[in-house]
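Student: Let the sequences and hints guide you as you build the complete structure.
One letter stands for each residue in the lines below.
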Amino acid sequence: MSTLPPELQTELAQQVAAADHPREQVINIMYVLQKHYGYMSDEAVEEAAALLDMTPLEVEELATFYDFIYREAVGKFVIHVCDGVVCWMFHEGSVFDYLCEKLGVCAGGVSADGMFTVLPSACLGFCDHAPAMLINGVFYGHLNPEKIDAILEKLRREYCDLVICR
Amino acid sequence: MPTLRIDQREISVPQGTKVIEAAEKLGIMIPRFCYHPALGSLGACRMCAVKFMEGPVKGVEMSCMVEAADGMVVSTTDPEAMEFRRYVIEWLMLNHPHDCPICDAGGQCLLQDETVSGGHGLRRYQGLKRTFEDQYLGEFVQHEMNRCIHCWRCRRFYQEFAGYFDYGAMQIGNRMYFGRFAPGPLESPFAGNIIDLCPTGVLTDKPSRYKGRRWDLQRGPSLCLHCSLGCNLVGSARYREMIRVEARFHGAVNGYFICDRGRYGFAYANHPDRPRQARVGEEAAPLDQALKTAAQRLGQIRERYGPGAVAAWGSTRSSLETLGMLQWLCQDQGWRGPQFFPQASLARRVKAAVARLDTGMAVSLRDLENADFIVVAGADPVQEAPMLALALRQAARRGATVAVIDPRPVFLPLEYEHLPVSPGDIDLCLNLLSQAARSEEAATGKLEPDAARFYGLLTSTNLEDPLLQERLLALGRKLQDCLRPVIVCNTDMVRETTPARAADQARLLQADKGQAGLFYLLPGPNAYGAALLAGREEVDLLAAMEQGGVKALVVVENDPLGSCPDQERLLRALDNLELLVGLDYLPSATAARSQIFLPTTTVFEKEFSHFINQEGRLQQAVPLHQGGTPIIQVGQGSHPPRTFLDAIPGGEPRPGAGILADLAAALSGEPAPPTAGDLWDYLSGEHEGFSQLASLTASALGEGVHLLPAEAQEPAWSPEPGEKPPEPPAGQLELLLVDQTFGTEELGSYAAPLQKVEEEPHLLLHTDLAADLGLAPGEQVALLLPGGEVTVRLQTAQNMAPGVAIMPRHRRLHWQKTGDGPVWLPPENIKKLSEPL
Amino acid sequence: MGEQVLLLNRQPDRPLSLEEYRQSGGYEALMAAVGKRTPEELRQLVLASGLRGRGGAGFPAGKKWSFIGKGHPRYLIPNTDEMEPGTFKDRVLVNVNPHLVLEGIILSAYAISAAKGIFFIRPSYEMDAELIERELGVAREAGFLGENILGSDFSFDLVVHRSAGRYICGEASAQVNAIMGRRPHPNKEVHMTDAGLWGKPTIVNNVETLACVPAILRKGPDWFKGLARSKDGAGTKLFCVSGRVNRPGCYEMPMGTPFNEILDEAGGMSPGSELKAFLPGGASTSFMPPKFSQVQMDFEPLKETGNRLGTGAIMVFDQNTCLVGATLNLLDYFTRESCGFCTPCREGLPFIRDLLLRLEHGEGKEEFIPMLKQMAHHMFKAYCAFAPGAASPVLGLLHHFEAEIREHISQRQCPFKGK
Amino acid sequence: MEPRRNFLAAAWEGLGELVRGFATTFIHLFRRPITEAYPEYHRPLPERSRARIILTRDPDGDERCVACYLCSGVCPVSCISMQSSQREDGRRFASWFRINFARCIYCGLCEEACPTLAIQLTPHFETCQYDILTLVAEKEDLLVDHGGKNRDYNFYRHAGVTAVGGKGEHLQEAKPVNRRSNLP
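Residue numbers (my numbering), protein chains in the order written: chain V, 1 to 166; chain Z, 167 to 1003; chain W, 1004 to 1422; chain X, 1423 to 1606.
Simulated from the structure, these hints should not be mistaken for lab results. A virtual CB, placed ideally from N, CA and C, is assigned to each residue, including glycine. Heads up, some of the hints might be wrong.
Calculated pairs, DSS-like style, for lysine-lysine (alpha carbon to alpha carbon, straight line, at most 30 Å) [what the hints assert, rightly or not]:
| # | chain 1 | residue 1 | chain 2 | residue 2 |
| --- | --- | --- | --- | --- |
| 1 | Z | K295 | W | K1376 |
| 2 | W | K1066 | W | K1279 |
| 3 | W | K1203 | W | K1066 |
| 4 | Z | K224 | W | K1191 |
| 5 | W | K1191 | Z | K217 |
| 6 | V | K35 | W | K1119 |
| 7 | W | K1279 | W | K1119 |
| 8 | Z | K224 | W | K1066 |
Every beta carbon over 12 Å from chain W, so not counted as near; a handful from chain V, in silico [stated by the list, open to error]:
| # | residue |
| --- | --- |
| 9 | I27 |
| 10 | A132 |
| 11 | D149 |
Tutor: Below, the structure is given as structure tokens:
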């Protein structure tokens, strides 16, 4: 049985029903469920499958394909650190390492307070502000250790869940 | 017809042929992994690269992706293409483990072959090898993901070709993983085919793991006996044990694939309890001596009571040789019979079906794939003849409409329309469908007088359920625009009139559209042959035995105690006998009860045998080995005994036909038993359906020989098409005994691998009915049948006909308590049991 | 800087509103076209303008549209996936002038008689997705979108499809698969223009391409052609300059502007930096040494040098950057993003990457060079354009900077280490 | 064309050969005979000489034979037979393994074919028996408790299959791919 709140369940069912082809909603549904469960848990995969009349495997085929669908638990803030060649030129490695060291996590891990996950990421399209990172849909550029500290501090203080594609 | 040159040789191929296929026609095997003739081109493995020297395409391209065109000059040995292919192999081998010696694909591995032939030997990549965790995929398929080369064949077959979606590709790039969402058995009954398709050892055959290498196996073309479709197999035996069965290509029947029942059902041939020793009374005896005793005692009974006191009972699973010889013996000796079917009503249905097939109407499975409208009447393809479901899916993929008229909760891996009506309403549904299929103005014109008269006779009684009626009429309207309709009809649980009705409607469609097909499902791999041999006369041995007229019964490769629906009555009748002679290769109840038992061989052993599938195609099975008790059983797992024997241990069984021929010779005092040639001559004289047998040559048997007459034996329209068969007594349920994919089919029910996957025995009721009766799914219920009580677990379903109760003839269920014909049950005969102790 | 067509009236920190856009002639083209000119005329105009796709392949847009199949409904997919490393022009474009983008999309949809558009946008541009969604509503309210646009019988609506990442989704057929909720693998068996999204005729165009359409219609194809500085070029191009330059950013310059002028526009090399190499059009183009700094940045002139314009994302490398390391970084990216469909890409790229990694770590051997060359060449026989793109920087490295590779081998370490 | 040979020269040459032959015989007349007193004396044979076959063990003491059937497949006289089976830990082994030494021609092809270095030929050649059936050797007769010629090789460490060690724990192997990893 579904463990989703009934209103969310209805909302999603309506969203699927409104689509010309239910399958085209699969990524949107995964984003919503990901937001609800914190990440795309096994349960979320099964929920999505039931909503879309797909098998869990069919959902899994997609969920594991995309890098913005998280099949493992993540922190409240997912920090995508750009490792594109331009950011690399500006010593991207040190941004990534600095973040990992600062938060005490390895790549993909969740910080002890459950707040942060650091992931390397494909070029984010913020090359004019290299080195850059993306946190819950917001870009941060021209990074250096001081700036990173300030950003983390700010995020810790004011948590806001602003966008669906984190 | 484009003409092109491949490696300096010219060939013309039909438009649309891919270069890789054109090369294959020239005998040039371009290496490939992802391309498969049944699945088509994909272009993923890049192994089939060739160089196009001239023509519309230039340079190195994939031969599976380019259609042959005029003026093409292709080189498969060009250095650039060769170097690229060498690299492809090297890339594929980067992560492949170093485990050929412990891999079951070793020796039958496409990757091995291509690696060796491509000349790749030294590993230049120094990185770490990628590894994956494996999954449990059920009892048939072993998963070893490290070996994967990502050719996509398994997923393409599993999802696109077969229509099941619990196995697929996950992750991305070189981390891509083929498997299930969570470990568990593969849901598709066609899953075994991914073993044949896998070009390396990722998916291997679990039951035959570690049993032997391909080069040590005695292999040969054989046939599947687990339903009436007659799929072609390659069987493999080693050390007197049947090891494995794979699909064998047959263009008209099974294509490249078989179902899992056919793939793993063969294990009955290795059954540890298989009777391999002749027996007189309780005493084991040499076969010759037992045969002599049998002849002597049968002769005595004949002398004492007259020839009619001996009767013969065959089955639909014996070879045509055995069936024919039994017929000969009966005719020669004046015995009663033979009877081939467990019930007289079933015999009538099968005979009605077979009599209506001719070359103009019968369609093969492959023809079925090209139909554009298919009505399935009274059949549940996945449960009864799984390969039919696969053919239906291919038709649906090409745009066909598939409608299933069946009381069961039918599931098909395709888009289909299911009309759950009771068996009594199937005829009516067919009527309504063909009425709706003809528009008003066309209704009277165009038809020849006979057909028009038949059409006029169709009554237009409506179905009780208006919703169903509407869906049926909508389907009929769809049928109006279709050009190649086919009616698929079963002979198992339908009314006696239904096979004939299906033929009538198909004939009407043919008269209307100029083209229509008829496809029957029959009970057993040689039911067609049995129906032809049985002729028009009806034999009811059970009644004759009850009346005491029969004193001796010869049961040939049949288990009436397992298949006769009224076992109590049969047991009483058997008590009237003085002698029961059994011939079989299964450790059946009837074999155990026989006073004289003569062991026979399976289809895999000793001699050639022939079977006729449901579309009248005579096919040959080649013996793979000499038979005998498998060494693994003789040695009990350890090494075989170090004694030398003249005879093969357990090698006594002989083909049924041979034993019967010897029996005939012994009884008639002839010096030599009839030979196969004699038998063929006899059969071709006996029945016009067999007239082709006399001129049969071995070469004709590659694809099989269609024994169909040019005109059906019973081409006439049924006299009263509008008549509705008798209705069930009001308020009563009709009990339907049905088949399941695994667990009900006789041969397969003796196969250990299939026993592991069979469902529990159950009784299926409509959800609403069960609720009305206060029963919940999963509960144990007692079912009071005419012959006694059956205890079974209850299942419910919504999408089934309301007025029926469905019970599979499960091997683990003592269902033989029903009697012949439809069984009506008052609902109160289904009682809830307090939880079993 | 030349005439601004796409980034006209660019505001430093906010997008142009509908009113601002209309003041500078926005939606005029739409009003002049819809219901007044036939789709065929529009297609001819765009064909005559010489507009070539800005997404990388440079296929003439008008020609692509002329292939559109007979069936209906038809789909238009404005491609804002933009996953090519170094590229951010679409983000800038959408952020500067969302309504120009919308007008271009609507006009293009009219030209191909599309009924529905799917604005495909990558997940890192979530803010821009929201912006477009908001402006969509504004345009719809103004009657530029939806049923019977501007009173004509042309109806078209646009929805935003948020991707969940992966470079391959930028490939047209993979993108269509992604929208349909299937695994986004490329598919060459069918033509998008005949049987694309849901088996219907589909056109996938980069948004920058579509954004050129209003101006072409307003000012004519000859004007558009005249914007370019190269012989056969047309229009302006958004060049994203990043790397060791003073003012990295997105600049609109005429098509065919020489590289050094674009570099000057971006403020020249950063202090202390000397030009060592540049990638002219994103990660899937070849490295070019400074001797090519006069090259005209357009499809044909770059093709003559054996390179590609790609997305026009110029990445500038200076003398302190190890190009083996840069190529390794690019191959890391491509290896990770390969969809895994075909063998060369799935298995060949990791092999190339492994060789580069060994070179970078000083474990390189002389025999790696011919192996790299052969494998990079064979990448062009992969299924889609992904692997050839990934091989391009490797080929550029081998062609122009082989000496640097040899230094890595002879010194048994990266010569830039510690610099 | 060969030049015509002088008859006298040919005779002289032939005589020379004769004398040389007799000289050798003559010299040996004065040498000590080197007859070896077999079976009292066993001449040490080179390690690689091919005679009686053994099944060796890997450094961990486990049977090396994985019953892959390559030796029986390659054997030109078909003197090797076996049945492969699986141990509970997933390791493949021969549930029985038989060599008929009455047929064996000691060609060594089995040893060459063996991918795990299990089957090896030894210099032990004294296998004569009065009863030919006793020349049929079973696994227990063949199995020795050492590694034979190469004592260090362990097939399973290279094979990359789970029987010994988990996935990713063999030589040159990466850790198993995590299908759910968030890493791109």
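Student: Now look at each hint and say whether the structure bears it out.
Tutor: Each hint tested on the structure:
About 23 Å separates the Cα atoms of K295(Z) and K1376(W), which keeps this hinted pair within 30 Å; it holds. In summary, the hint linking K1066(W) to K1279(W) is not supported, as the alpha carbons are separated by about 38 Å, beyond the 30 Å threshold. Taken as a hint, the K1203(W) and K1066(W) pair is honoured in the structure, with Cα atoms around 18 Å apart against an allowance of 30 Å. For the hint linking K224(Z) to K1191(W), the alpha-carbon distance of about 18 Å falls within 30 Å, and the restraint holds.
Between K1191(W) and K217(Z) the alpha-carbon distance is near 19 Å, which keeps this suggested pair within the 30 Å criterion. Restraint check for K35(V) and K1119(W): satisfied, since their Cα atoms lie roughly 28 Å apart, inside the 30 Å limit. Note on K1279(W) and K1119(W): the hinted pairing is violated, with a Cα-Cα distance of about 46 Å set against a maximum of 30 Å. With a CA separation close to 23 Å, the supplied pair K224(Z) and K1066(W) stays within the 30 Å bound.
The claim that I27(V) lies off the interface is violated: its Cβ sits roughly 5 Å from the closest Cβ of chain W, which falls inside the 12 Å cut-off. Look at A132(V): its CB is around 10 Å from the nearest CB on chain W, not clear of 12 Å, so calling it non-interface is violated. Taking the minimum C-beta to C-beta distance to chain W, about 23 Å, the non-interface status of D149(V) holds against the 12 Å cut.
In the structure shown, a violation is registered for the earlier hints numbered 2, 7, 9, 10, in ascending order.
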